[in-house]
Every structure is written in C-alpha cells, then in structure tokens.
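Enquirer: The listed protein sequences derive, respectively, from chains A and B. For the first sequence, this note's numbering assigns the number 2 to the initial residue and increments by one for each residue that follows. For the second sequence, this note's numbering assigns the number 1032 to the initial residue and increments by one for each residue that follows.
Heads up, some of the hints might be wrong.
[To be verified] Keeping only pairs whose Cα atoms sit at most 20 Å apart, straight-line, the calculated SDA-like set for lysine to any residue is:
{"no.": "1", "chain 1": "A", "residue 1": "LYS193", "chain 2": "B", "residue 2": "GLY1153"}
{"no.": "2", "chain 1": "A", "residue 1": "LYS497", "chain 2": "A", "residue 2": "ASP444"}
{"no.": "3", "chain 1": "A", "residue 1": "LYS193", "chain 2": "B", "residue 2": "ASP1081"}
The hints are simulated quantities; they were obtained by calculation from the structure and are not laboratory data.
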Amino acid sequence: MSAVNAVGWRPEMGPAQHPEHESSPHLTASGDKGLMLEEPLIFELGRPGSTGVDIDAVDRAVSPALARFRRKAQAALPGLTEPEAVRHYTRLSRQNYAIDLGPFPLGSCTMKHNPRLNEKVARIAGFADLHPLAPQQTARGAYEVINQLAEWLITLTGMHGVAMSPKAGAHGELCGVLCIKAALEARGEDRKVMLVPESAHGTNPATAAFAGFSIENIPATAEGRVDLAALKARLGPDVAGVMITNPNTCGLFEREMKAICDAVHDAGGYVYCDGANFNAIVGKVRPGDLGVDAMHINLHKTFSTPHGGGGPGSGPVVLSEALSPFGPLPYTARMADGVVHLVEEEDAATMGHSQSFGRMAAFNGQMGMFTRALAYILSHGADGLRQVAEDAVLNANYVLRSLEGVLEAPFGKTGPCMHEALFSDENFPEGFSTLDVAKGLIDEGFHPMTVYFPLVVHGAMLIEPTETESKAGLDRFIASMRSLAARAKNADPSLKTAPHFAPRHRLDETQAARKPVLSWQGG
Amino acid sequence: MPRYFTKDHEWIDVDGDVGTVGISDYAQSQLGDITYVDLPAAGQWVKQGDAASVVDSVKAASDVYAPAGGEVTEANGALEGEPELVNTQAESGGWLYRIKLSDPAELDGLMDEAAYKAYVAGL
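For reference, chain B alone in the conformation it holds in the complex (with noise of 0.2 Å):
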C-alpha cells in the first residue's frame, strides 16, 4: 500500500480508491503531547490542501491539510478518548480519518517516504 508525504507533514495509505490521513511521526514530536483531536464527520467533503482536522497540542492547536480531497468515510474514534495515540502511533494506530479520493491524480504532487525523510533531515 502506497504512502504519500506533504510538506505540512500530514500522510496518506492508499489502497484502491481510499485513503488513510495521519500526521507524521516527526510532526508529533514537534507538536508535544497531544490533547484533543478535531476530526471531520462521515459524509463531508474536503477538498486537497483543507484544514480538514485539528490538532491540539499543549503547545498549539494546528489546521491539519488535507493531503487529498474527497469524500470522508471514517474518524478515527478511538482519539476521541486517546488523543496521545497520535503521539504512540502518529503513522498506524494514530490516524485521523479516511477518505474516498474524488482524483487519485492529486497524489501525484506529494512525496514517497524517502523523499520525506530527506525534506524532514533537511529542516
């Protein structure tokens, strides 16, 4: 299963049509220890680049983009009584919602894992 980086340190899992957001390990542990997550509802439509979650931390409350758009299926509710497993799990357990990708295409923009690693050692 393909995963895609953004700038803004949010990943997406792509498996057919859906896709898997989360905020990457090294955007955690620059946020600090997570105390709510702002999640959207089944149903919306977010567009790529909307700040489509929030995540707060003890040090800021920070827009999650959404690294594609298209139509969310799922919140992860299992952060609505741990939000810490976004610090535990930021890249498995820890995800935040999921999608159905309106234009698979959009994917095509963001980086794989190696070239993310590379963009984080650089920061």
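The following block holds chain A by itself, in its conformation from the complex (with noise of 0.2 Å):
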C-alpha cells in the first residue's frame, strides 16, 4: 500500500526523502512506527470488486417502475475483503483516547467512567434483544426497570414528575421547553421571550429559539453568576420563563436560585434548569426545592452511560406539579392492577394526561441507557451517589487550587468551584493561547479540556475531572499542566507547533472550517 500520508510521502520514497527526515531519522519502509499506526482512507486500500461477501447476480428483469432508478455507474465502493475492513477500523481505533485510556478532562461533559456492571445488565437478553413493538405483557420487566429509573431521578430531584423519552440533553431541554410553552397556551397567555443568561449552555438559547420563543441575554455579575436585580427588572408579562444551568458554566453554584425562582414564578413564568451538571449536586441539592419548573437529566453524565461516540444519549425531563400534567406520552405508571404500564394516547384521558403536548419520540427512550443508569444508581445507593457529587467536587477543587498559581483563575478567588475548574489565557504572552495549551495536551497523552468556552472568560480552559480520577491521576495531569503553563509563559516556540507525538501535527483548523473537505476527491 503506497497512499500519500499527511507530508505527501509514500513508503516507496524511503526514509531520506520524508519531509521529516532531519527531526526523525528512524523511519520505517511501512510508515507505521511500532505501535503506532499509520492508516490510509478506506478509499485508498483494496482493489475494485473484492469483498468480504457474496452477493448473487440479479438474474430478474428489474420493474418497470424501478428502472428510472438503475444505477449508470459503478458505485464508487471501497473494495475490501472482510480482514481488511475489519483491520482498517480497527487500526483508525488505535488512533483514538477515550474514557478507557486515560482522563477525559472536557468540562460540562462530565467523561466519567462507565462501569463494566452497567454492561452486564444491559447485556441481559430479556432488555438487550426487546422489540420496542413487543406486547405490553411481554415486557412488563423492561417497564418495571424505566419505571423505578422515573422514580429514583423524581426523588433525586425533588420533582413531581418526570419524562423518559427525550434522547439526548438538548431533546431534554426542547420537552421541556414545549412543557412551558403548553402550560402558558393553557393558561391562554402568549409570552414569546424566554430570558437565558450569558453563563448558561449554548444549547439553551437554540432550543428556546426552535420552540419559538424569542431569546434575550441576562448579564452575569463579576463573580460569574446571575445578576438577580439585572433579572428582576426585566421580568414581565412577555416574559415565558428562564433557562439557567445551575451549576453554571463556569463551575459556579447559583446560588440565588431560590430567590430567581421565586421572581420568576411571582411574573407569572417558568423556570427551566440545564442538568447537564447534575453530577455536582446528586444526593445533595433537590432542584424541586430550589423551584425548578423542568430540569433534564444526562444519564450519559451524571448516571456514567457511555457519552461521546460510545453510545446514545438519554435525556429525561423531570417536571414539577404545575408541568408535569403537559408532559409527553407515552409514559409508564403504575396502574391498578398492581403492574407498570405504557401510558399511550389511549389511555391518557383516563389516566388524566390529556394535556399532552404530544410526542418527543416514536417509542419510550433509550433502554439500553435506562437499564444502565438503574444498574449505576442501584449499585450506589443514596449515599454512595452523594459520595460522587462529593468527589467530584473535591476533584475539581484540587484541580483549581494546584493550578491556580500558574494560571489565571477567573473566580479562583471568590471561593471553591463546584465540578469544574475554570482558567483563562489572560496572563500568557502575546502569540500565546489556550490552543496551544489544548493541542500540548494531546502531546502529553491526555485529552484537552473544553476551550474557549465559557464565553464570559478570555480563552477559557474549561477542566472537569470527575470523580473518576485519582488522586495519583490527577497529579499526573497536574504535573502535565503546569509544564504546559510554564512552557506558554516561556513563550516556548516547540508549544506553537504542537501536537509533535500524535499521528497528525499541527492541523490548519480556520482553512478546514473555511474550505472544508467533506468528500473523497478521487484516486
């Protein structure tokens, strides 16, 4: 195999005309060196008509119908037997980090460890193999199981009720929203802007703007939370609700969130909170105490299912009294009889659901993720999972205050940081910045941490730990940090060009974004 690597060179070249010749005198004839692979495009390995399977010639006059959709020519399909495919991903897979390599620091994503018990149960037949249109009587187990998840994160959170089927955060935080925007057309009012502060999640502002609300900024004070008199003054009767991530975006307890709540309740709004940080509070804080109106729950966060190419999403919306009655169907309750059931449109009206704003899914949620979770609660138990939140916040907190005296750290000194730990580039010097710190870490064999984000702070490196780390991990990734910090602050050339150990340096990342590539140019 002779494809053009990255520089341009093939392995028939030979080692003395690689461009990186001079910096790297052991080149291999293969391009691989040792374990570290080099990979073609899938388009550039193979030959035309080899494949790993056999399929019969069509023999049958094809339909009339059909025929306007006869293909003219040959699909341009990768030729590979199934060694090779096989081979070809599983080498690209040796060139990713996940969870299982190492620390997985991106802040507000919560890359916790996902525990080899959830894979277990999850691998039960009787939930594993279950037909989303199975019977009800046939799948009463895989009921019960969503129905004790609903209870667990209703109690968790104080809430009075709660939605299972949303997928994902953001389809969490539009079910909840639409939650809002029913209860409001109930009530036969039309309140069109929805209040989200600088601090909040970028997804916040997008899923008021997709249920058609209109979105106005609420400013944060200078020790990074909401400015409550800047929110007070600007509550009214067109106002819907407010969307606030508690804790927020720069790892910061709300903690006037009863006092917010309360305003917003008294003009006649909602208040919806992002979850997304859960993991900082579980066991700990009740939202429903605090006044939260809907509140989604990532159970690929705070509950450790897989997240990020591992696996799907699951977003739950718990709701209190006064949304709960607008939630989506279907939904499991216990009913009479003593077992759990699928709430559908049928039985709604019964049930005294039929306020329903409808439907966020065609089935009932992600059930590979809700027999995980379960199995993660379960195996935690209350006090264990407020030992997480605990964790996580010590982790964090340890994180800050070693770091803290070689990067500038924003709110370092108004107190501790809840499960993340927030610095900026303010003090490198000129032709320095966070994404030069980022693309260092990959050198050091870590993932980098969420960048420049927040937006509130200059170049933001955004670190979250969890409590997965240990203490020995987590001085390891210290140690790392501060000889990236040093090195910035040293102005080191070699940081400006980083990456130099991972299989692909420095990427021009604004002419990807500018001119992007998305399709095989031919070969």
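Using the hints, build the complex out of the two chains.
Expert: Shown next as structure tokens:
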C-alpha cells in the first residue's frame, strides 16, 4: 500500500525523502512506528471487486416502475475483504482516545468511567433483545426498569413527574420548553420571551429559539453568577421563563437560585434548569426544593452511561407539579392492577393526562441507557451517589488550587468551585493562547479540556475531572498542565507547533472551516 | 463621514441616512480567524440591538448587534468567499452590511472613535 500520507510521502520513496527526515531519522518502510500506526483512507485501500460478502448476480428483469432508479455508473465502493475492513477500523480506533485510556477532562461534559457492571446488566437478553413494538404483556420487566429509574430520578430531584423519552440533553431541553409553552397556552397567555443568562449552556438559547421564543440575555455578575437585579428588572408579562444552568458553566453554584425561581414565578413565568451539571449536586441538592419547573438529566453524564461516540445519549426531563400534566406520551405508570403499564394516547384521558403536548419520540426512550443508569444508581445507593458529587467537587477543587498559581483562575478568589475548574489565558505572552495548551495536552497523552467556553472568560480552559480520577491520576494531569503553563509563559516555540507525537501534527483548523473538503476527492 | 462604535464592538459609518456596519479591529483580534459570516438580506428590517449578523470564528459563533435600526440595503457579498476580510480589513473592506437608518437619533448613544479607544484600553 502506498497511500500518500499527510506530508505527501509514500513508503516507496524511502526514509531519506521524508520531509521529517531531519527531525526523525528512524523512519520505517511501512510508515508505521512500532505500534503507532499509519493508516490510509478506506478509499485508498483494496481493489475494485474485492468484497467480504458474496452477492448473487441479479438475473431477473427489474420492474419497469423501478427502472429509472437503475444506477448509471459503478458505485464507487471500497473493495475490501472482511479482514482488511476489520483491520482498517481497528487500526483507526488505535488512533482514538477514550475514557478507557485515560482522563477525559472536558468541562461540562462529565466524561466519567462507564462501570462494567452497567454493561453486564444492559446485555441481559430480556432487555437487550426486546423489540420496541413487543406487546406490553411481554415487556413488563422493561417497564418495571423504566418506572424504577423514573422514581429514582423524581426522588433525587424532588420533582413531581418525569418524561423518560427524550434522547439526549438538548432533546430534553426542548421537551421541557415545550411543556412551558403548553402550560402558557393552557392559561391563554402568549408570552414570547425566554431569558437566558450569559453563563448558560449554548444549547439553551438554541432550544428556546427552536420552540418559537425570542431570546434575551441576562448578564452575569463580576463573580460569574446570574445578576439577580438585572433578571428582576427584565421580568414581566411577556416573559415565558428563564433557562438557567446550575451549577453554571463557570463551575459555580447559583446561590440565589431560590430567589431567582421565586421572582420568575411571581412574574408568571417558569424556570427551566439545565441539568447537565447535576453530577456536582446529586444527592446534595434537590432542584425541586429550589423551585425549578423542568430539568433534563443527562444519563450519559451523571449516571455513567457511555458518552461521546461510545453510546447514545439519554435526557429524561423531571417536571414540577405545574408542568407535569403537559409532559409527553408515552410514559410508564403503575396502574390499579399493581403492574407498570405504558400509557399511550388511548389511555391518556383516563389517566388524567389529556393535556400532553404530544410525543418527543416514537417509543419510550433509550432502553439500553435506562438499564445502565439504574444499575449505576442501585450499585451506588443514595449514600454512594452523594459521595459521587462530593468526590467530583473535591477533585475539581484540587485541580483549581493546584493550578491557580500558574494559570489565571478568574473566579478562584471568590471561593471553591463545583465540579469543574475554570482558567483563562489572560496572562500568556503575545502569540500564545489556550489552543496551544490544548494541543500540548495531546502530546502529554491527555484529551484536551473544553476550550473557549464559557465565552464570558478570555481563552477559557474548563476542566472537569469527575470523581473517576484518583489523586495519583490527578497529580499526573496537574504535572502536565503545570509544564504546559510554564512553556506558554516562556513563549516556548515548540508549543506553537504541538502536537508533535500525535498521528497528525498541528492541523490548519481555520482552512478546514473556511474551505472544508467533506468527501473523497478521487484517486 | 462620522464613525460611531458600540460597547459590543460594532462600528457604523454614517453618510447621510445610510450606515455601513462592521466589527472593530479589536473585536476581530479577540475572535481569532473568522471562518464564516452570516449576513442579513437586502430588504430586511432590523431594530437597534438586533442580532442581525453572526460571525463564526475558530473559537465561537458571535452575534453582531445592529448599532442602529433600519432597512438593510446591501450585504458585503465578498465575505461569502473570503470571510478572512473581516480579520484583515475589519474596519474597511471587511464591512458586513449597509442600512438605511430609520432614526438617526439612535446614533446619539454611541461612542466616537476616541471614546471607543479609551473604552477598549480599559478592558
């Protein structure tokens, strides 16, 4: 195989012609470096006609109705045998990074360990092989799991009801905002404005706009929290509600949440809380006690189901008493016969749920995530979940205090952080920025932290270690960060070209965004 | 031709009742490499403070607020193929759109170049 690699070199050219020959004199004929693999694109592999499956030749006449769909040219499919195809993707997977390989400190993403017990439970055939259209009487166990998880989520959040069907965080946001919209319509009110603080998640304004609201920003205080006075000043009969992330994306708890909720309710609005950062408060704070009307829970964050390419998300939404009647169908409920049923449209009226705004999904949610999340909850217990929050917050504060001497920590002086530590590149010399630290972290063997978010901080570096990391693991990460901060401060030119040890070096991200090449350009 | 600035780092050049809008050189330096500019269409009405345009950079997508209200008469088509003009010529060739001002009195609340320079120096 002689595919051109990123620097235009082919194995048959020999090591001396490699553009990186001077810096790396030990090139191999294959391009691989030991177990660090060089892999061409799939279109550069194989031969036309090669295939891992035998397909019968079509010997029947094609129906005239379909004739116009007949392919005019050969489909340009890669020609690979089964072992070639398997090796291609396995070799690519070796260039990937995952929570099973090391810390994944993406702030606001809660990339925690996915316990293997969850996987064992999710693979029990009665759950894993269940068809979504299976008759209800053959799926009682699954409904029992969904209902038990629903009860746990209600208990942990102190809320009144829960919609289990939303498929991910932003889908859950939409579900909650549609409940608010339905509740306002039921009151005969046409409120058009959704207030979103600067420190909220970026999906919040997108969700509200998608649901038909216009968005207005609420500024943050100098210490990174919602400006309560500014919020109160804006409330009025045109305000449908407010969407708040708590703990917020500066890694801070919104201490005035109760006062915020009271003010919004007094003005006739509803409070949506983005629960993406629930990991920091699970078992410690019940959002229902603070006055929240709707909050999604990312099972793929707080409740350890796989995340980031490892599995689908799942975003159940807990609802207050005021919003529960408007929640989507179907939902699970224990009925008079003592058995958990799935409540569909035909039962909605008898169940007192005829005000539902509709459906979020065809079926009742991500079953594979429900089994995993319930396994996580039951294996931890209520006290274990409380310790999850405590350890996650402790780890983040350990990172904050270990790095605030070498990196600017904009809110470090106002007290402890919650689950994530926020730094800025404010004190870097000219020409050096957060991006260089992030690229340097790849060389150090870590996935970079969240960068340039939240926007309220210059060159934000948002680090969320989660409870997964041991002190020894955190110390390794901190040592790397301290080294990178020192290199940035000393204007080390080699940091500007990092990563040096990744399969590809510094990519031209600007050009990739301005003139993206999104398909195979022939060969 | 007088030029005014906003606290959100937009500028507007005013010639009679026509304003030309862009983002300041300071703004482009903070955003980093611009990769895409979403522009309003001619004929669209904008109010002062509306997010009439969006600038995407490698770091973030940022709303550009209208420094004054009016009817959009023209968008800078050159930015479609060369969004980098906002980086290289933020306060000239990288202008975003032109509007026919509906209320020139709205300009009274904006800063002149000296005031804006002092404002940026204090950031």
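Enquirer: All hints, please: hold or fail.
Expert: Status of the hints after comparison with the structure:
1. The suggested pairing of LYS193(A) with GLY1153(B) is violated, with an alpha-carbon distance near 37 Å, which exceeds 20 Å.
2. For the proposed pair LYS497(A) and ASP444(A), the alpha carbon gap of about 12 Å is at most 20 Å, so the pair holds.
3. Annotation: proposed proximity of LYS193(A) to ASP1081(B) holds, straight-line Cα distance about 16 Å (limit 20 Å).
Violation of the numbered hints given earlier is confined to hint 1; every other hint is satisfied by the structure.
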